[in-house]
Structure formats: structure tokens, C-alpha cells
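Produce the entire structure from the sequences given, and follow the hints as far as they go.
Quick note: the sequence shown uses the numbering used here, first residue 1, plus one each step.
No lab work stands behind these hints: they were computed from the structure.
The beta carbon of each residue, even a glycine, is placed where N, CA and C say it ideally should be.
Treat the hints with care, since some could be wrong.
DEER-style ranges, computed between Cβ atoms [claimed, not checked]: (1) Ser217 x Leu55: 51 to 59 angstroms; (2) Gly260 x Thr339: 52 to 60 angstroms; (3) Ala234 x Leu56: 47 to 55 angstroms; (4) Glu396 x Lys266: 19 to 27 angstroms; (5) Lys366 x Leu76: 56 to 64 angstroms; (6) Thr303 x Ala234: 53 to 61 angstroms; (7) Asp398 x Leu44: 40 to 48 angstroms; (8) Ser288 x Asp340: 53 to 61 angstroms; (9) Ser217 x Asp170: 15 to 23 angstroms; (10) Ala423 x Leu44: 13 to 21 angstroms; (11) Glu99 x Ser412: 29 to 37 angstroms.
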Amino acid sequence: MSSLFGTLSIAVSGLLAEQGALNVTSNNVANANTPGYSRQRPVLLEGDPVPVGPLLFGSGVVLDSVQSVGDPILELRLNEETQQHSQLDTMVSAMQQIEVMFSGGTADIGSQITNFFSSLQQLSTNPANMSARQGVLTAAGNLATAFRSTVNNLQSQRSNLDLSVGQTVDQINVLSGQIATLNQQISGIENLHQDAGTFVDQRTQLIRQLSELVDVSVVKSDNTLTITTSSGDALVAGTRSFALTTQTDFSGVQHVFSQGTDITAKLAGGNLAGIFAVRDQTIPALRSDLDTLAAGLATALNTAHHQGTDLAGVAGGDLFSPPPAGGVDAAANFSVVITDPSKIAASSDGSAGSNGNLTRLLDVQKQAVTAGQSPTDFYAGIVFRVGSDVANASAERDASDLILRQLGDQRSAISGVSMDEEAANLVRYERAYQAAAHVITVVNNMTDVAIQLGRY
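In C-alpha cells, the structure reads:
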């Protein structure tokens, strides 16, 4: 009888193990379309042998654990590429908006430079014509407006990017806190030698979201994770999270701090790095170029205008506002000084009908008055650089997008749920379950026979 009960125990262990395996498969099927889910697999181990007389017999099977299937190295690559892609995507989005400001529309600086010199050309055919003179002032005003409008648009774009710094930091802090909480839960579960796959999947998803925002480095130890920026500044250490903060500098833009240290310049990936690249490099460089153009153009035109006389024979004054010292903010302050069309110094000899000085003014269009280039060529260079930067960043982003998709496909192949495989597992576990149940039936029949024999 004891051997029959041993057989019964073995069969029961099979029932329990296969039932557990069926539960795992059922959970895989249910989460086949759940984002970030890692398929699980049951780990079945043979039970310890037990002595029966002079022999050792198996004691059945146990469901030792449930393991989540994944590749830590692949997850690391996904995080790294997510950081790169997110940075590039942020840069492309911001730079495309800047490109519109220099896109060659009728109101952009390049068009207004052309229009201004065209108005001078038209005036040269009849220097005393007041309507043509007013046309020059109107074109000059439109040029000044184009400079100031472009600068204002760039500043508005920079302010919007700066606003998103604080919002992004808030998101980082929330995610860091959630990851620290999951670290505590996972550590407690795994210390009991139980599977924490569901919580690990949630943590992996949160880390991926964190990677979209900032560059991170992940190190696993003692069932928890330590997360730092790539420069080593802590975000999560075990069950603790470390909040980032922002402070506004003297120029009015926000810097990111970690435990009192400014880490803005050290951030090398994610949305924040993309924001800082455009806010602190692209836009200031464009502002500087526009200041150079405005200062060179205003200085050259004013110099030429001083050499002529107006309709009253008076020497010409400044046509545009003189640029500030060093040319700083020259574009933002670019404005027309003359309001009376009769004050345009078109003449070179003092006579009202002379257009000699207009020739000097027109020559500015072709002179190397702006960093060794003509105003038109210099502006064309700005437009080319903006377009080139957008194209290069877009190409890099598209390449990163392809890599990210490939890595995602690899992850799906390793950690994703295959319905064909799960269907096969269902059949396999079902048959094993049925076989174990049949053993129990056989043992039950044999036990009945043994009991009946014992009555005689």
C-alpha cells in the first residue's frame, strides 16, 4: 500500500506541476499584445529520490519557478538607442520650426533685402520722385521688421524649449520615484525566491520611458537597480530616488541640477539633450549670425548714405539705427531712422535730380560687408546651414529609427509571445495533465483491489 500511495503522490505532483505550467501558458496568451510584456516559462524540476527498500525511486516533479524570458544586453541596447533617437527627434522637431523662419517666404530677411535694393534701383530712375522715395522707406521698414520678427520668433522658440525643460525634469522625477518603488517590491519578492516578472516588466517599461527623457546608465545588484545619468549623477539607488531640480541663470534659461550640481552640459541623450542642443547652441548661433548680418548691413548702408545729400542739399544721416558695440543684439534693434522721404541722400553732387549716391547704396548689395561676404550671400549661407542641419539630423533620426525597430523585432523574437509555441505548450501540458490524472485513476483502482484482497 505504501508504494501505491507513493505512486499517487507522484501523480499528484504531476497534476500540480502541469496545472501551474498551464497557468503560465494561459498568462502568456492573455498578454500576447501587452506592450513590454516578457513571456514567461515554467521551470520544472525532478523531485528528490526516496528510498523504497533497497532501491531509490523518483518522487515526482515540482514547479520550481516561473522565469521571464529576456536578454539584458538587448534591453541595454534598446535603452541606449532610445536615448539617441529621442534626442534626435526632439532636435529635428525644433529645428524644422526654425527652418520655416528662413524658408524663403516673401516676408523673410532674404526677400526683404532683395526688395530693399530693388526699391533703391527704382528710385535711381527718378531720384526726386516722392512716391519712389516713400517706397524706399517702406522697403527699409519691411527689412527692419523682418530682422526683428525673426529674432522674436527665435526667442519665442527658445522660450518654449526652456519651458519644456522644467516639464521634462518633472517627468523624470516621477519615473525615478516609480522605479524606486518597484525596486522595493521586486527585491522583496525575489528575496523569497519568487518570480517578480510582472513588476520587472513594469520597471523595464519605466526605464525605457526614462531613456526617452534623459541619458541613463543601469546597473543591477542585489535584486535592485541603480540608475544614473551617463555622467554618473544618481537618479535611483535601490529603493531611493534622487530628484533633479532646475534653476534659472542670469540669461533667463533653466539649468538642471542634481544634488546641487549643475549637470546641464553633461547630459548627452534623451529629450533634454535635444532641447539643450537647440536652445543653447543652434538658436544662439543663429542669433549671432543675424546680428553680424544686421550690423554689417546697417554700417555699410549708413556709411554710403553719409556720402550723399538729400533733396535740400543736406548731408545724409543714418538710414538705419547704428548697431550696438560689438554688434550684440543688432538684429533685434534693427530699425529705420529716417521717416521723411525727402531726407534720403540720393544725390552725390547736391542737386535734387542726381542719383550718384544711390549707386553707392546699391553697391552695398554686392560688397563684402558682412564677414567677408555680400549681405545676400551671407544670408544664403545661413539658410543653407539651417537646411543642412535639419537634413542631417533627420537622416540620423531615420537611421536611429531603423535601428530601434530592428532591436524591437529582436526583443519580440526573444521575449515576445509566440501563439504557435503557446498552442503547442497547451497541448503538451494538457496531455501530461491527462496522463497524471490517468495514473491517479489506475492507483485508485489498484487500491480498491488491494483493499478487497485484504478482506479475505
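Hints, verified against the model:
1. Ser217 x Leu55: 51 to 59 angstroms: Holds: the Cβ-Cβ distance is about 56 angstroms, inside 51 to 59 angstroms.
2. Gly260 x Thr339: 52 to 60 angstroms: holds (54 angstroms)
3. Ala234 x Leu56: 47 to 55 angstroms: Given about 54 angstroms between the Cβ atoms, the range holds.
4. Glu396 x Lys266: 19 to 27 angstroms: holds (21 angstroms)
5. Lys366 x Leu76: 56 to 64 angstroms: Since the Cβ atoms of Lys366 and Leu76 sit about 57 angstroms apart, the hinted range of 56 to 64 angstroms holds.
6. Thr303 x Ala234: 53 to 61 angstroms: Given a distance of about 58 angstroms, which is inside 53 to 61 angstroms, the answer is holds.
7. Asp398 x Leu44: 40 to 48 angstroms: holds (46 angstroms)
8. Ser288 x Asp340: 53 to 61 angstroms: violated (34 angstroms)
9. Ser217 x Asp170: 15 to 23 angstroms: Given a distance of about 22 angstroms, which is inside 15 to 23 angstroms, the answer is holds.
10. Ala423 x Leu44: 13 to 21 angstroms: Holds, at about 19 angstroms.
11. Glu99 x Ser412: 29 to 37 angstroms: holds (36 angstroms)
Of the numbered hints given earlier, the model fails hint 8 alone.
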